[in-house]
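Undergrad: One letter stands for each residue in the lines below.
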Amino acid sequence: MLSKVLSIFLSIFFYFTCIALGSDYHERLLLRPLPQSALLASFNFRSNTSATSFEQQHFRYFPRSLGQILQHAGTKELHLRFSLGRWDAENWGARPWDGAREGGTGVELWAWVEAESNEEANSRWLTLTNALSGLFCASLNFIDATKTIRPVMTFQPEGHHPNSTTDNLHLLHGTLPHEVVCTENLTPFLKLLPCKGKAGISSLLDGHKLFDASWQSMAIDVRPLCEVDGSGCILEIEQTVDMVLDIDRSKRPRDNPIPRPIKPTDLECDASKPYHAHDSCYPLDKKAEVAWNLKDVFGRPIKGSCPITADRGPDSETVCINVAPEREVQIQTSGGWTESKSEDGFVRCYRIFGDSDFDLNFPSQLVDKTVPLAQPRLYAARSINGYGQERGSVQAVITNPSPVDTIDLIYLESLPWFMKPYIHTLKAAILPSTNSTPTPPIKETYYRPSLDRHRGTHLELLLTVPPVSKVILTYDFEKAILRYTEYPPDANRGFDVAPAVIRLLSPRAPRFPHSTPEALKRGTYLRTTSLLLPLPTPDFSMPYNVIILTSTVMALGFGSIFNPLVRRFVGVEEVGAAGLAGAVRLRGFLRGRVERLRARFGGKGGKGE
Amino acid sequence: MSLQSSILGLRRDPRLLKVPPYLSALCIIVGVVWLFLLPLNEYSRSTYVSENALLPGQVHTYFGGSEHNIFRAYRHEVAGLADKSIEERNQKLLEIFKSAGLKVATQKYEYQSAGKTTGGENVYAILQGPRADATEAIALVAAWTTMNGEINHSGVALVLTLARYFKRWSLWSKDLIFIISSDSTAGTQAWVDAYHNAHDPSHVESLPLKSGALQGALAIEYPAGPWGHRFDKIHIVYDGINGQLPNLDLINTAVSVSSQQIGISTCLQRMWKHGDSYEERLQTMLRGMINQGLGHASGPHSSFIPYHIDAITLQTVGDGWHDEMSLGRVVESLFRSLNNLLEHLHQSFFFYLLMQSNRFVSIGTYLPSAMLIAVNFTITSIGLWIKSGRPEKPATKIASTDSKPDSKPDMTIIKQNGMTALVPTATFSVVERRMFLPLAFVGAAHFLGILPLYLFNHAPANTLLPTFQTFAASSLALPLLTAFALSRFRPPTTQETVLIQCFSLLFLGLFLSALATLNFSLSLLIGLLAAPLTFIRRPSPSTTQSQPSSSAMRVLLSVAGLLLLAVLSPSGVVFAATKYWNTPLVDVLLRASFGWQVHGLWTQVVVWLVWWPAWFCGTVVMALGLF
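Keeping their order, the protein sequence lines are chains A and B. To get our numbering, take the position in the first sequence, counting from 1, and add 23. To get our numbering, take the position in the second sequence, counting from 1, and add 454.
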């Protein structure tokens, strides 16, 4: 059953990925209703340019603004993520793209930069982050040396890099967990698309709906792809937007978004309860799937097709839905469309012709067979334990639900410098402990300690999780005391600690027949939620009070000392006649002038009378 | 020059040694008067919301309409669960939470205290904020049983209804956690301990589901049965464990939302009627101080406060016209305010005394009162230290029989500035202090305090009362026996007696002044109860002429002093307090033991390791006069 479910699930993404070197522009939207009236909308856009035209700065579908930044910063492969919220694996199942197209909360950036030395790589990385910061209106320029690490095992290049250059490629990784992703990041994202959100599926991307989603992730991946024989390479930019919308919430009109209590007559009540009356209602779960259409959920229908999508083949089908075969779907469009179904009937794809509006209407329907959800291969949760201002501990629980597979994974932590872990307290316990002498779950450790104010901690672990068990990873840490200028605004909120990144290494392909080489190359990733680290925070009014008080005392002291120092005190009798004479003469002169003026005006006034 | 020399001259003036007791008395009087001034308008302040982000009462509340129908149904459900087993009950609660689309989990706990087991199972549900990233959370708590032991019918039903209602809103920036704890104090303690992984896994189950840092917690107690009961006021309970308090902003927000937005008046410290008169303010403040001083758990919120999670309990009181929907709207509005917070509550006061729901004094105003009382011990202690370094008065030498009758005091010639003076050498000499006995005695007394601390926290419930009675009796007899034994085997000199008292008071003053900054009320209460220790002196035979009448007087004095000290002994005060408040002594002892085992209550430590040793030292000094 599991493998069947997985095969269905993976076959959907197979559509996306089997055409690596196809046409120059490709876009696809996948809609999958999830339990509890949630809806996964997965947008994928891909543009290619040949390596030669890229080098000649000849841009067609590849965005020029980004391309020039990449050239300037010597970046060969780039991955940028903007994420908000968290994926609810318990309800929503496995992550889209196996988690390879999502980032931790906030902004995450990693890139392979070509450079002769580490210093050059760092300076190019700095150029890159600053340029991207301007391009995407995000605080990427705050990714400095303290937030940058060089992961060793967690990330593998997705693109094809010639062997001659791999030695000079430096992988740098930085995160901004506190960055709030919002519309100002979406607009530049849409500008990179050839149809710029005016036509095609990208016309559904509206900031109001996207950032009201329960979870959303925007990804940009740039990678070089080469033919197997090494001839002709292309540079591919893949833009992905995944979001989970709450259909009930999204359907509320924008001018009246308040979820007021519904009318008592609209309540579905359990009439079998003995106390059931006109004023008492035990609510029942809704059985029917709610009715929705694209216009309700996204605020507008698809505005025709993007004219540069392929004319034929699977690439031309830009909208796919993953629903049960019995689910009724009505197409509302004045233009042309075609539908194709997958063999098992769970996936329907539509091709849109022309530029007339296209809408999918899902009427309310009692469906007893829902789309099976692929179960995630791993669950991970991380939290801060302990309390107080001095130290604490981090606990990560990694659960392997599989009854047969042992999972190998890489666990990456990038901690800020003011959170100082004690590596000797790093422990991994397996629960439930089955055999008396369990193999230690930590196979390898890569650890780069932090330097105060210069770099953060970088910890990578190779872990093994046996079937149906949990690995509980704990370590203690000490909280540093910051200088008072180092506190950010709203310091009492605490400091965000970047999510841990988990990469699954095994089991590999054989168990998952539909995994394409492409998907394997992307890898399977999982990210925990970010943490909030409360640090000892001073009362900020105090330094200011001290400053104000000191300044006042200084000013008073300075004034009263400076005054007698520069002033010459002389008695009246000490002032000689000569000294006075000048003053008297000046006074006489002024008085004469005043008298004359007064006489003139006085005279005029007199005449008037 | 003349001023300086006269001050220097004063240094050696024997009259100076007479000052400390008066100074101490003045400190105590000023401290007490200070306390009584606090309720006046000139010394207290109106409360105000410091944290701008809270914006209390600025949102419209929508809880009502058909939610009321659901609430009534849930209240019937809760009433139906009242006589079910705890597993069955929790199963149903889980089901309701799950149907609202929340993540649910349970937690079992079992505490041992006084030989009794208190166990239960908490149910909790997490509403993941739609766009939140699991970094912050707010908790809404309804214990299954209230502090008075009633079933929290409407409170639990309200939490269930609100959980369902809140799920529809998309504006939550933090996760919301709904907790139905099995009882009011132990359940929440187990939950919050486990949330911070500070629990003992053998007694308390770890939480399978967690969220981010808790920013605030709100508990509701509304025990109205399945047919409802309209209430008059909301009683805000805010005392945390060990006298820690939630941020004043939280109370201000609750008061402002409840009284200004929804129109339900609020009250504090069981002052059901408050006319804002001086007496009522004072009474509210004193009740608050006694609650703070005792440091016990006063509601489900108390366990949260030691973890720096601001929390309060809202209890409904009286007969009025407000219904459950009004309470629900108070909770809704309060949660909306907390949801607005960008930072942990930190702007307003953590140390305050409330004398009405919108009047308070802050630490800067009230602290001197407790500090003055603590300082009185230190002043006397310093006075005693100086006194112990002075030679015995010449008068005693004349009276004593062993000194040579014709010996003249040694004289020293002092020449300064061309002037010469003849001064008795004794005034310059510093008598060597024999410190071993006093130090050992005071140290031993403090170590002896571990005995009652251990006894009362580990004795089984049925032996608790006899243990207390035995201890009270023996603690009264012990100073007499000690004094007798001392005078028999190694009679302490006057200097050693003075030093015993000096060290004991020094420690007391030191401790109480430190405690005043942490738990003002406890420090003040113990300071006042221990105040007589400053003034007792060993009724010494050497101070007066040895006449039979004065000897009888001395015994009389000692007995009177001992009687006073017996009344003011820790066990005596505990006994008197239980009589005054008409609570069974066993209950107090059980709750203290429970507090120690479950909540980590420190009040006993202060009583048995600080107050009792000081009392013991003072009483021994007094009793020495008898022998």
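If you are wondering where the hints come from, they were derived from the structure by calculation, not from laboratory data. For glycine and all other residues, C-beta sits at the position ideal for the given N, C-alpha and C. Treat the hints with care, as some may be off.
[What the hints assert, rightly or not] Listed below are several chain B residues computed to face chain A (Cβ distance under 8 Å; list not exhaustive):
hint : residue
1    : Asn523
2    : Gly555
3    : Val558
4    : Thr560
5    : Gln582
6    : Ala652
7    : Asp654
8    : Pro655
9    : Ser656
10   : His657
11   : Glu659
12   : Arg724
13   : Lys727
14   : His800
Undergrad: If a hint holds in the structure, say so; if it doesn't, say that too.
TA: Right, here's what the structure says about each hint:
1. Asn523: holds, 4 Å
2. Gly555: holds, 5 Å
3. Val558: With a minimum Cβ separation of about 11 Å from chain A (threshold 8 Å), the hint on valine 558/B is violated.
4. Thr560: violated, 16 Å
5. Gln582: holds, 7 Å
6. Ala652: This hint holds: alanine 652/B lies near chain A, its Cβ roughly 7 Å from the closest one there, short of 8 Å.
7. Asp654: This interface hint is violated because 14 Å lies over the 8 Å limit.
8. Pro655: Cβ of proline 655/B sits 12 Å from chain A, so the hint is violated.
9. Ser656: Status violated, d = 16 Å.
10. His657: Violated, because the Cβ-Cβ distance from histidine 657/B to chain A comes to roughly 17 Å (cut-off 8 Å).
11. Glu659: Not OK, violated: glutamate 659/B not within 8 Å of chain A, min 13 Å.
12. Arg724: Violated, about 31 Å.
13. Lys727: violated, 34 Å
14. His800: holds, 4 Å
Taken one by one, the earlier hints fail for this structure at numbers 3, 4, 7, 8, 9, 10, 11, 12 and 13, listed in ascending order.
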